[in-house]
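Peer 1: Here's the letter readout for the chains.
Number of protein chains: 2
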Amino acid sequence: MIGCSRCDRRAVIFQRHSNRHLCKRHFIEDFERRIKLAVRKFKMIEKNDRIAIALSGGKDSVTLTYTLAKLYEKRRDLELFAITIDEGISNYRPPTVEIARKVAEQLGIEHVVVSFEENFGMTLDEMVKRGDKKPCTYCGVFRKYLLNRTAREMGATKLATGHNLDDETQTILLNFLNADMERMARLVPQRVQEGLIMRIKPFRYIYEKEVVVYGLLHNLPMDFEECPYSYFPVRASVRDFLYEFENKYPGRKFSVMNSFEKLIPCLREMYPQIDLNRCERCGEPTPKKVCQACKLLEELG
Amino acid sequence: MIGCSRCDRRAVIFQRHSNRHLCKRHFIEDFERRIKLAVRKFKMIEKNDRIAIALSGGKDSVTLTYTLAKLYEKRRDLELFAITIDEGISNYRPPTVEIARKVAEQLGIEHVVVSFEENFGMTLDEMVKRGDKKPCTYCGVFRKYLLNRTAREMGATKLATGHNLDDETQTILLNFLNADMERMARLVPQRVQEGLIMRIKPFRYIYEKEVVVYGLLHNLPMDFEECPYSYFPVRASVRDFLYEFENKYPGRKFSVMNSFEKLIPCLREMYPQIDLNRCERCGEPTPKKVCQACKLLEELG
Chain A
1 MIGCSRCDRR AVIFQRHSNR HLCKRHFIED FERRIKLAVR KFKMIEKNDR
51 IAIALSGGKD SVTLTYTLAK LYEKRRDLEL FAITIDEGIS NYRPPTVEIA
101 RKVAEQLGIE HVVVSFEENF GMTLDEMVKR GDKKPCTYCG VFRKYLLNRT
151 AREMGATKLA TGHNLDDETQ TILLNFLNAD MERMARLVPQ RVQEGLIMRI
201 KPFRYIYEKE VVVYGLLHNL PMDFEECPYS YFPVRASVRD FLYEFENKYP
251 GRKFSVMNSF EKLIPCLREM YPQIDLNRCE RCGEPTPKKV CQACKLLEEL
301 G
Chain B
1 MIGCSRCDRR AVIFQRHSNR HLCKRHFIED FERRIKLAVR KFKMIEKNDR
51 IAIALSGGKD SVTLTYTLAK LYEKRRDLEL FAITIDEGIS NYRPPTVEIA
101 RKVAEQLGIE HVVVSFEENF GMTLDEMVKR GDKKPCTYCG VFRKYLLNRT
151 AREMGATKLA TGHNLDDETQ TILLNFLNAD MERMARLVPQ RVQEGLIMRI
201 KPFRYIYEKE VVVYGLLHNL PMDFEECPYS YFPVRASVRD FLYEFENKYP
251 GRKFSVMNSF EKLIPCLREM YPQIDLNRCE RCGEPTPKKV CQACKLLEEL
301 G
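Order-wise, the sequence lines are chains A and B.
The opening residue of the first sequence carries number 1 in the numbering used here; numbering runs sequentially from there.
The opening residue of the second sequence carries number 1 in the numbering used here; numbering runs sequentially from there.
Check before you lean on any hint, since a few could be wrong.
What the hints assert, rightly or not - Far from chain B, by Cβ distances over 12 Å, these chain A residues were calculated:
1) Asn19
2) Asn175
3) Cys279
Unchecked claim - Below 27 Å or equal to it, Euclidean Cα-Cα: the simulated DSS-like pairs (lysine-lysine) are:
4) Lys262/A - Lys133/B
5) Lys248/A - Lys134/B
6) Lys248/A - Lys133/B
Unchecked claim - In silico contact screen, one side only, chain A against chain B (beta carbon under 7 Å); selected entries:
7) Ser5
8) Ala179
9) Ser237
10) Arg252
11) Ser255
12) Lys262
13) Cys266
Derived from the structure by calculation, the hints contain no laboratory data.
Values in this document were obtained by computation on a predicted structure and should not be read as measured data.
Yeah, the Cβ is synthetic: ideal placement off N, Cα and C, and Gly gets one too.
Please model the entire structure based on the sequences and the hints provided.
Peer 2: Spelled out as structure tokens, the structure:
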């Protein structure tokens with residue numbers, strides 16, 4: 001038996017970045033400490049917030065919903081609810097939507113499922129057949145659109161997503177390798193704008209592996225199925241490199257996050273947040289005259 | 001025969017980043033164009049400059065010396081000379097010092113060889129035996145010290161080194177992965193300070209492979225021997241990743257350079273250049289009271 005580095009119980013995880021073995025209790029403590037740290041550092045949760053959680057039903061969002069409920073449901077001034085977007089991907093999406101329903105029910109959290117089909121008259125599968133764009137383009141634009149609109153209509157002041165340290169550092173490094181500082185700047189927490197709910201990422205300091213271990217320790221349903229449309233070859237190269245680099249030099253994902261955070265003041269200065277308009281067609285916030293969702297819908301006929 | 005993308009001569013290189021095959025003439029033209037571009041962009045060479053070239057005798061510095069002579073020796077207001085530092089690494093260094101001598105002689109460029117032994121009373125080999133620091137620590141500190149002092153004493157206004165795009169992007173990415181923005185800021189061209197000769201890197205937009213091809217096309221001596229002390233495991237990981245990434249997605253090294261250059265104004269603001277003192281012992285410029293070279297020499301006894 002390998003013992004915990006902080007007590008004499010059995011270790012459930014070896015944290016390479018801290019070079020510690022941790023038992024269930026100390027791992028959970030450390031996990032939740034880093035969430036609270038991120039929340040405080042970026043003022044993710046403030047007094048009287050009503051927080052919408054983007055609950056896809058995958059491992060990250062399920063664990064996020066559980067954790068936020070555990071850590072913040074005692075706060076009388078806060079409210080939590082969950083939104084699941086059903087993009088309409090046959091064989092893949094229905095089981096996770098079901099997971100999302102069960103998780104929300106078990107936690108006693110208000111939950112809505114909003115579908116592409118109801119809102120846009122077609123599923124993602126149909127969009128992919130009709131249009132010439134990549135599936136991830138349709139999915140990304142319409143999912144974010146519905147998440148923001150639903151969150152706002154339901155009175156949310158924040159929108160929490162399950163992006164973890166692995167996701168974030170991949171995006172950061174990818175943007176750096178692409179010299180896409182404008183996209184990098186979009187990762188910077190933004191000031192509040194009318195119509196746009198502020199997004200928060202409480203797992204930004206949590207490794208993907210830790211999300212899984214935390215979820216398993218709490219018997220949360222862990223879905224590892226990958227979307228059949230998922231195709232990001234460049235990101236996959238970056239992911240694999242970061243995986244191997246972290247493996248050889250533990251903690252380097254924190255360094256990448258740290259590099260990014262050091263650049264935040266610069267990125268804010270280089271790419272000041274522009275004032276948003278209301279889309280001429282649907283009224284949703286957009287930097288242009290017509291929002292991306294309305295444009296894509298037009299193309300799709 | 002594969003033809004040049006710009007004329008009908010035989011191609012000597014396939015430039016993956018531009019997706020072009022180039023003949024000798026058009027490759028050389030493009031190579032020299034990118035050097036002039038870098039020189040102009042960063043005001044590397046200005047009127048009446050006297051440029052010291054750090055000529056180790058390796059492929060990069062040999063090619064650099066040749067190219068600078070070719071491109072700028074007609075300019076009456078400019079002067080070039082070369083400095084070779086003989087660190088004292090048995091079996092490895094003597095042949096390249098010899099190459100440096102021959103190259104300078106053939107090009108008719110003033111040349112001095114300055115050794116660790118003459119200046120510090122011991123070779124690098126001896127330092128490594130006596131001290132407990134890594135060879136690269138001694139080599140880096142003392143080489144830069146002698147280069148700067150010699151350049152200054154010989155009236156240089158600029159000090160050119162052979163760092164190419166591969167070297168620079170490795171360092172940039174390494175600093176990013178290490179969250180070492182301070183070291184990143186050191187890559188930013190600095191304002192002139194008394195006692196410190198401004199370093200210039202005319203090959204910053206040139207791939208290592210191109211340096212080699214250019215050198216071979218001009219029958220320059222190409223030494224590929226690696227220093228026996230060379231040991232940079234982290235840098236090697238980054239080098240290999242960049243190599244593969246560039247291989248899959250040609251041109252990404254330019255993107256990394258581009259990311260860095262976009263950050264230059266920020267880096268200048270984040271890490272303003274501090275005024276240097278004169279070392280209490282040797283009088284050379286240093287941010288501290290005693291310079292790093294004098295400290296290391298003291299440790300070495």
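Peer 1: If a hint holds in the structure, say so; if it doesn't, say that too.
Peer 2: Results of checking the hints against the structure:
Residue-level check passed: Asn19/A sits 17 Å from the nearest beta carbon of chain B, beyond 12 Å. The non-interface label for Asn175/A is inconsistent with chain B: the shortest C-beta to C-beta separation is roughly 8 Å, within 12 Å. Distance to chain B confirms Cys279/A as a non-interface residue, since its nearest Cβ pair spans about 30 Å, more than 12 Å. With a CA separation close to 30 Å, the supplied pair Lys262/A and Lys133/B exceeds the 27 Å bound.
The straight-line distance between the Cα atoms of Lys248/A and Lys134/B is roughly 21 Å, inside the 27 Å bound, and the hint therefore holds. A hinted pair counts as satisfied when its Cα atoms are at most 27 Å apart, and Lys248/A with Lys133/B qualifies at roughly 23 Å. Proximity of Ser5/A to chain B is violated relative to the hint, the smallest CB-CB distance being about 25 Å (cut-off 7 Å). For the restraint placing Ala179/A at the interface with chain B, the shortest Cβ-Cβ distance is roughly 4 Å, inside the 7 Å limit, so the hint holds.
Here the hint on Ser237/A is kept, as its CB sits about 6 Å from the closest CB of chain B, short of 7 Å. Because the smallest distance between the Cβ of Arg252/A and any Cβ of chain B comes to about 6 Å, under 7 Å, the interface hint for this residue holds. With 7 Å as the threshold, the beta carbon of Ser255/A comes within range of chain B, its nearest partner Cβ sitting at about 4 Å, so the hint holds. Checking Lys262/A against chain B: minimum C-beta separation of about 5 Å stays under 7 Å; hint holds.
The criterion of a C-beta within 7 Å of any C-beta in chain B is met by Cys266/A, whose closest approach is roughly 3 Å, and the hint holds.
The structure is inconsistent with the numbered hints 2, 4 and 7, although it conforms to all the rest.
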